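Enquirer: Residue strings, one per chain:
2 protein chains.
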Amino acid sequence: MFDVEAFVENSLEDIRQFVGENRIISACSGGVDSTVTTVLVQKSVGEKLLAVFINDGLRRKGEPEFVIRTLNNLGIRTKLIDAKEEFFAVFKGKTDAEKKRKAFREKFYKTLGRVAHEEQINYIAQGTIKADVIETVKGIKSQHNVLEQIGINPEIYGYKIIEPLRNLFKPEVRKVAHELGLPADISERMPFPGPALSLRVLGEVTPQRIEIVRRATQIVEEEAEQLKTFQNFAVLHNDKATGIKNGKRVYGNIITVRIVDSQDAVTARARQVPYEILARISDRITGEISSVVRCLYDLTDKPPSTIEFE
Amino acid sequence: MFDVEAFVENSLEDIRQFVGENRIISACSGGVDSTVTTVLVQKSVGEKLLAVFINDGLRRKGEPEFVIRTLNNLGIRTKLIDAKEEFFAVFKGKTDAEKKRKAFREKFYKTLGRVAHEEQINYIAQGTIKADVIETVKGIKSQHNVLEQIGINPEIYGYKIIEPLRNLFKPEVRKVAHELGLPADISERMPFPGPALSLRVLGEVTPQRIEIVRRATQIVEEEAEQLKTFQNFAVLHNDKATGIKNGKRVYGNIITVRIVDSQDAVTARARQVPYEILARISDRITGEISSVVRCLYDLTDKPPSTIEFE
Numbered sequence: 242m243f244d245v246e247a248f249v250e251n252s253l254e255d256i257r258q259f260v261g262e263n264r265i266i267s268a269c270s271g272g273v274d275s276t277v278t279t280v281l282v283q284k285s286v287g288e289k290l291l292a293v294f295i296n297d298g299l300r301r302k303g304e305p306e307f308v309i310r311t312l313n314n315l316g317i318r319t320k321l322i323d324a325k326e327e328f329f330a331v332f333k334g335k336t337d338a339e340k341k342r343k344a345f346r347e348k349f350y351k352t353l354g355r356v357a358h359e360e361q362i363n364y365i366a367q368g369t370i371k372a373d374v375i376e377t378v379k380g381i382k383s384q385h386n387v388l389e390q391i392g393i394n395p396e397i398y399g400y401k402i403i404e405p406l407r408n409l410f411k412p413e414v415r416k417v418a419h420e421l422g423l424p425a426d427i428s429e430r431m432p433f434p435g436p437a438l439s440l441r442v443l444g445e446v447t448p449q450r451i452e453i454v455r456r457a458t459q460i461v462e463e464e465a466e467q468l469k470t471f472q473n474f475a476v477l478h479n480d481k482a483t484g485i486k487n488g489k490r491v492y493g494n495i496i497t498v499r500i501v502d503s504q505d506a507v508t509a510r511a512r513q514v515p516y517e518i519l520a521r522i523s524d525r526i527t528g529e530i531s532s533v534v535r536c537l538y539d540l541t542d543k544p545p546s547t548i549e550f551e
Numbered sequence: 242m243f244d245v246e247a248f249v250e251n252s253l254e255d256i257r258q259f260v261g262e263n264r265i266i267s268a269c270s271g272g273v274d275s276t277v278t279t280v281l282v283q284k285s286v287g288e289k290l291l292a293v294f295i296n297d298g299l300r301r302k303g304e305p306e307f308v309i310r311t312l313n314n315l316g317i318r319t320k321l322i323d324a325k326e327e328f329f330a331v332f333k334g335k336t337d338a339e340k341k342r343k344a345f346r347e348k349f350y351k352t353l354g355r356v357a358h359e360e361q362i363n364y365i366a367q368g369t370i371k372a373d374v375i376e377t378v379k380g381i382k383s384q385h386n387v388l389e390q391i392g393i394n395p396e397i398y399g400y401k402i403i404e405p406l407r408n409l410f411k412p413e414v415r416k417v418a419h420e421l422g423l424p425a426d427i428s429e430r431m432p433f434p435g436p437a438l439s440l441r442v443l444g445e446v447t448p449q450r451i452e453i454v455r456r457a458t459q460i461v462e463e464e465a466e467q468l469k470t471f472q473n474f475a476v477l478h479n480d481k482a483t484g485i486k487n488g489k490r491v492y493g494n495i496i497t498v499r500i501v502d503s504q505d506a507v508t509a510r511a512r513q514v515p516y517e518i519l520a521r522i523s524d525r526i527t528g529e530i531s532s533v534v535r536c537l538y539d540l541t542d543k544p545p546s547t548i549e550f551e
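Heads up: the protein sequence lines correspond to chains A and B, in order. With the first sequence counted from 1, adding 241 to any position gets you the working numbering. With the second sequence counted from 1, adding 241 to any position gets you the working numbering.
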């Protein structure tokens, strides 16, 4: 049985000891993991914390504004880094999933490292949770925030890392969020991967292709909200397919919709969504996004697939 | 109102006049269109007909045997051409949908032309139907058997072509099949495209990739047979996605399942298949085909998509 009060109490003490007389950065993406981490650090060391939100250009619609507003409302001092162009530059020409993840990770840590250097802070808090650690160790994916596990020495980036949530699964993280008094739009937030929409564009990541998947994601989220699922999202394929727009043959884009139930992201089941909802999603995606001619639904559980495509 | 008796009577006479004292080849793929055409020609000119089945290596499992057996049972003299290696050779390195269609079409007509030359026959019957003509004219796709429409002069291949079904839609073709006394496994046959499984492998067509989609197609057909739909099939993506097999992360293949209702293939609706059946299809495809980690279902009507992906 998870004792959330004890966990919070111990964490505050651990963070206090780790930080000592130093200052600390918490990279906050707006997800439940990194926001809970950020709030824990704030409660522990107060003004020694600087929250950093890196706008990598890969976030969902309205997300940067949401994160900044949320952190402001929590009274957390926050720095916004606009790194959109830098991130798109590193993706240029890369189509391999693992190379894209690696490019994201390196750019993320370089950007964070630059902020740390400018601010003269070398302590970092990260929202790694247990599912990330397990999957990195098992080789399912390389989480960008599990550095030591994959043989990256954080020292080469010039900082020391604390991961207060690394022994928790997602439902426990949500309990901590409640315990900390966070609003429901944080504590009940759908999981969203670190590399964001870059994982949901198969093939090369460009501003145009991110914009297509961003619009599809918004449609899926709007229509699937009522389903209360663990996760729901859209993926843009690199493959194209024939379709008909305005009576003409076109060779257009394919979007896959993924809606899953899960407790901890370690296993997941594809939700059997009523066709009425799927048909509306499909009609909106092919109707509102001119380049998309085909909309697919992912039937696969995890295993044998993963939740994300990359 | 379609008068099937009059149609058959007129067709037999037209074919008789067209063939005259010559001999004629009918290229039969085993589909309802080309089989009905072949049987009409036989009823019209008897022994002047030579049916040709080209095994291009792109057919469904058991299909070549089925076609030969069917034509034998109908008492039609048939020549089997094994051209598997030649067809795979022309696909090598081609990933563009229209280039693949063109490569198929050219190899098909060259092969047929070779047989015609060897047999010294320069009359050919083909199973073109009205939907093929309409779609070629509208530019939806270039049907491999609508030569004149796309500016190919059949004369350069050295033969004259008759297309007895070119004014009929699919339901009328089935009525003709009944009128001719063809067995239900022909008259009620699901439509299957000329370029066969090559349209259902996005990206390069290789023997290995055709074998993957052939196995997936068999699973879809077995599980969807009870649904009595206009068409059902599997598509192999060129995109890959992450999955988990035997506890290990793999980068595996993606299969899309397409099941549609239609009258005439000019428009179509994605069937809202019960999830029990889709889950079984997905489990079998990812379980029985080791390289496949993900199974998707196509939600899109025609328009805005087409029935086939290429």
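Take the hints with a grain of salt, since some may be wrong.
Same chains, same names: a pair is fine if it fits in one copy or spans any two.
What the hints assert, rightly or not - Pairs of lysine to any residue residues, derived as SDA-like cross-links and limited to a Cα-Cα distance of at most 20 Å, are as follows: (1) Lys-489 - Thr-319; (2) Lys-284 - Leu-253; (3) Lys-335 - Asn-479; (4) Lys-489 - Gly-334; (5) Lys-481 - Gly-444; (6) Lys-340 - Asn-479; (7) Lys-416 - Glu-254; (8) Lys-486 - Gly-303; (9) Lys-351 - Lys-416; (10) Lys-489 - Gln-513; (11) Lys-289 - Lys-325.
Please keep in mind that the hints were generated in silico from the structure rather than gathered at the bench. Please read these numbers as outputs of a predicted model, since none were measured by experiment.
Enquirer: Look at each hint and say if it fits the structure.
Expert: Verification of the supplied hints:
1. In this assembly of identical chains, Lys-489 and Thr-319 lie within 20 Å of each other by CA distance neither inside one copy nor across copies; the values are 50 Å within and 39 Å between.
2. Taking the shortest Cα distances, Lys-284 and Leu-253 sit within 20 Å of each other inside one copy (7 Å), while across copies they are farther apart (90 Å).
3. Taking the closest pair of Cα atoms, Lys-335 and Asn-479 come within 20 Å of each other both inside a single copy (12 Å) and across two copies (16 Å).
4. For the homomeric pair Lys-489 and Gly-334, neither the shortest alpha-carbon distance inside one copy (31 Å) nor that between copies (28 Å) is at most 20 Å.
5. Taking CA atoms no more than 20 Å apart as the test, Lys-481 paired with Gly-444 passes in both settings, with 11 Å inside one copy and 10 Å between copies.
6. Taking CA atoms no more than 20 Å apart as the test, Lys-340 paired with Asn-479 passes in both settings, with 16 Å inside one copy and 18 Å between copies.
7. In this assembly of identical chains, Lys-416 and Glu-254 lie within 20 Å of each other by CA distance solely inside one copy; the values are 19 Å within and 82 Å between copies.
8. Proximity of Lys-486 and Gly-303 under a CA criterion of 20 Å is satisfied in neither setting, with 29 Å inside one chain copy and 37 Å between copies.
9. For the identical chains of this complex, Lys-351 and Lys-416 are neighbours neither inside a copy (32 Å) nor across copies (70 Å), given an alpha-carbon limit of 20 Å.
10. For the homomeric pair Lys-489 and Gln-513, neither the shortest alpha-carbon distance inside one copy (33 Å) nor that between copies (26 Å) is at most 20 Å.
11. Taking CA atoms no more than 20 Å apart as the test, Lys-289 paired with Lys-325 passes in neither setting, with 27 Å inside one copy and 71 Å between copies.
Comparing the model with each earlier hint shows violations of hints 1, 4, 8, 9, 10, 11; every other hint is respected.
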